[in-house]
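All chains, please: the whole structure from these sequences, using the hints.
Chains as they are written, first to last, in our numbering: chain R, 1 to 290; chain W, 1 to 373; chain S, 1 to 153.
Please note: incorrect hints may appear among the correct ones.
Calculated pairs, SDA-like style, for lysine to any residue (alpha carbon to alpha carbon, straight line, at most 25 Å) [to be verified]: (1) R/K288 / S/T141; (2) S/K128 / R/R208; (3) S/K128 / R/G238; (4) S/K128 / R/H236; (5) S/K30 / S/E10; (6) R/K288 / W/A262; (7) R/K288 / R/Q242.
Far from chain S, some chain R residues (derived; all Cβ distances over 10 Å) [said to hold, decoys possible]: (8) E41; (9) L180; (10) V281.
Here are some of the chain R residues that sit facing chain W, going by a computed Cβ distance under 8 Å [to be verified]: (11) P15; (12) P20; (13) F64; (14) G65; (15) V66; (16) G67; (17) G91; (18) P105; (19) S175; (20) E249; (21) I256; (22) C259; (23) G260; (24) P266; (25) L287; (26) E289.
Worth flagging that the hints you see were computed from the coordinates, not collected in a lab.
Cβ atoms here follow ideal geometry from the backbone N, Cα and C, with glycine treated the same way.
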Amino acid sequence: MAPPPEPPVHGRTPPDPMVPCVARVRRRRRDAPQVWTLDLEVDGGDGTKNFPFAPGQFNMLTVFGVGEVPISLSGDPAKPGCLVHTVRAVGAVSDALARLGPGDPVGLRGPFGAGWPMTEAAGRDVVIVAGGLGLAPLRPALYQLFAGRARYGKIVLLYGARSPDDILFRREIESWRRRLDIEIEVTVDHASSVWHGHVGVVTTLISRADFDPLHAIALVCGPEVMMRFAITALRHSGLDDQSIYLSMERNMKCAIGFCGHCQFGPVFVCRDGPVFRHDRVQSLLALKEI
Amino acid sequence: MDTAQQAVLTIDGLQILLDALRQRGYRVVGPTVRDQAIVYDDIASIDDLPRGWTDEQDGGHYRLIGRDDEALFGYTVGPHSWKKFLHPPLLRLWSAEHDGQGVRVVAEPDPDERFAFIGVRSCELHAIAIQDKVFLGGAHVDPHYRARRQDAFIIAVNCGQAGGTCFCVSMNTGPKAKAGFDLALTEVVGDSGHIFVVEAATDAGLTVLAEVPHRLATQEEADAAESVVTQTAASMGREMHSDDVHELLLRNLENPRWNDVAQRCLTCANCTMVCPTCFCTSVEDSSDLARAESSRSRRWDSCFTMDFSYIHGGSVRASSRSRYRQWMTHKLATWLDQFGTSGCVGCGRCITWCPVGIDITEEVRAIRDSEQH
Amino acid sequence: MEGLERIVKEHPFFAGLEEGFLNLVCGCAKNVRFEAGQYLFHEGEPADQFYLIRHGRIALELTAPGRGAIIFQTLTEGEIVGVSWVIPPYRWTYDARALDLLRAIAIDAACLRQKCEADHDLGYEMMKRFLPILVQRLQATRLQILDVYGAPA
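Below, the structure is given as structure tokens:
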């Protein structure tokens, strides 16, 4: 005899980690060509809209009837009522996700994964190297650094994008620039003559930046090739492998170590990462097709 | 009878045992002949078991042939493994109903059946224990696996012969069932008759056995059962030097042998489908045309497919070399890092069911030999 | 001239250069200044100088029909502008434009080439300083060619 159907799942802790709860789009804005930021709100149920997460973690977002993709949280961890995700529309699901508007339902599982080493960063200079969409998972770390500014040494944000149009969170970066307690350098791979900022790859900014390599921690996120070059430059500046952290990307279907897709040698990127200390994955980064 | 003592069942006793399980509400599944292979399916009576059959196995080769006796378990493992019941090939995870108000997500209910597995081999008990670690041993638990696994009743069978591709002795996973079962049978067919020497390992096993006519085993019968297993252990079809294979493979990720095997591998994924420990899955969503209902299903997937490692822009493992390497290094090496155990139980299915007969033991040997030169 | 020597000596490109070589280099050097928007040189012109940037930034540009000027690199304080002076036929292969008020040291190329020919130890010292910069720019170019941030096709 079939058991009675289960009650509808609400809130964030369903008994089955593969079952999403239902969130709603509150706001949607365009950040760059093909890149959209969605503010989500979790449906009530447990009487709270709070959804605590750590910088660097990600959620699995479902467009009902289309599919599910991992998207990193790009909002402020101190505002857990508003879940911010920045999505690049590059596939069927992310494209459908980027087309959602206010009020639309989104399936949500998470938060998953190990985030940025915010505790280890205390008392040290923090060098953030971001490339392209890689700024999105680093933004929560920046919010947290700003919120506890006195706890850290120098903060350096080095950000590379393809062209001036592709710079994410542009107005926000401009407002951060007005702070006097952070060094921000933005570079693009190429630009028209209207652009007054840096042109060149993001790694060239590393040697120019002002930080103490012996007391610095680096957080790196971007395309894998860019991260490899950035890590080379950081080590050249004097950082050791235990002070460099990077966020990896792999195919993910479950986010909890069941589906096997995100394996990177011995680690599951979803469960053991996505943020790894460089010395833990160093030997694999140079290998092809691991 | 206490657990240390062994009992003896007759063939009729085995039928009564199956009946007792069915009366307790179990869905009884076990080996049966279908499509010229021994597969696992529902067993109504001992007549469904592959009586008088054995199998002949080698790289890319599987044939059923008749035996000279009436043994019910006189073969090794076929293309199926018990994961098809515990970790179904296709499983709906949830469904969602959409109305004007929003979306209601309903988790897939637990199955309303519990399994009794008949004829689980020692390597397969190890395979189940390995999947237990994957689905039950971490921070997250797979409720679907747990629902099927927790109430399963397991009758093991100690192998009466080794198959041509078996290497459980090398992997320390057999041929004698040592843990993870409720009852374990050793089939003894001889001049003095056809009996099953039974060992009970759990209270559930003892309780069921108590409902079945049996007697205590004599010393001679116990010895005969033991020698069956000893003989099997001595006649393994394959061998793999496994104690250092983790380091061996991880220091040989760029060994030219991967190119060699890539020349032969068709990336058909057969090895992953027949492997009793391979657990990878993908998900797919579907909806009706009006999008009033949608659902997500989970399906066995394989690291041999291109889609498996797809990230926007392309597949991480585009070459067959890298996909074979991923499968084998995961199975024999990184599995240990992830779950504290090898992912290989030496059952030989991947060798038998490989259409081109790629032999995992041979590939390990070739990499090992390459270091000698 | 003492002021110029100090400036050359303190520029990262010449860091640690021995006194004798420094004097030789300074004999070819002069202070220059460009207003924002002013071009240091244009593609095709003789590469008769190279520059050590003291203050300000420079954009290196290529002009393509229909696309206008495309900036492929910017250089800033502490960096050098121009390697074309080392290699025949000593002509610039791109335009260089000051983005801000620019102060730099210009080194007379013919003068320094001549001194390098006369004293290969100086020449080797110069090559050891130029080569890493060339390699670094080559690697950066590789990364640019990969277009790693580009949306997949």
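Status of the hints after comparison with the structure:
1. R/K288 / S/T141: holds, 21 Å
2. S/K128 / R/R208: Holds, at roughly 20 Å.
3. S/K128 / R/G238: holds, 21 Å
4. S/K128 / R/H236: Distance ~18 Å between S/K128 and R/H236 Cα, so the pair holds.
5. S/K30 / S/E10: Judged against 25 Å, a Cα distance of about 15 Å means the pair holds.
6. R/K288 / W/A262: Holds, at about 15 Å.
7. R/K288 / R/Q242: It holds: about 23 Å lies between the C-alpha atoms, which stays within 25 Å.
8. E41: holds, 29 Å
9. L180: Holds, because the least Cβ-Cβ distance between R/L180 and chain S comes to about 20 Å, which exceeds 10 Å.
10. V281: Holds, because the least Cβ-Cβ distance between R/V281 and chain S comes to about 18 Å, which exceeds 10 Å.
11. P15: Hint on R/P15: holds, closest Cβ of chain W at ~6 Å, below 8 Å.
12. P20: At 6 Å from the nearest chain W Cβ, R/P20 passes the 8 Å test, so the hint holds.
13. F64: holds, 5 Å
14. G65: holds, 3 Å
15. V66: holds, 6 Å
16. G67: holds, 5 Å
17. G91: Since the shortest Cβ distance to chain W is 6 Å, the answer is holds.
18. P105: holds, 4 Å
19. S175: violated, 30 Å
20. E249: Holds - the Cβ of R/E249 comes within 8 Å of chain W, reaching about 6 Å at its closest.
21. I256: holds, 4 Å
22. C259: holds, 5 Å
23. G260: holds, 3 Å
24. P266: Hint on R/P266: holds, closest Cβ of chain W at ~4 Å, below 8 Å.
25. L287: holds, 6 Å
26. E289: holds, 3 Å
Hint violations for this structure: number 19 only, all remaining hints satisfied.
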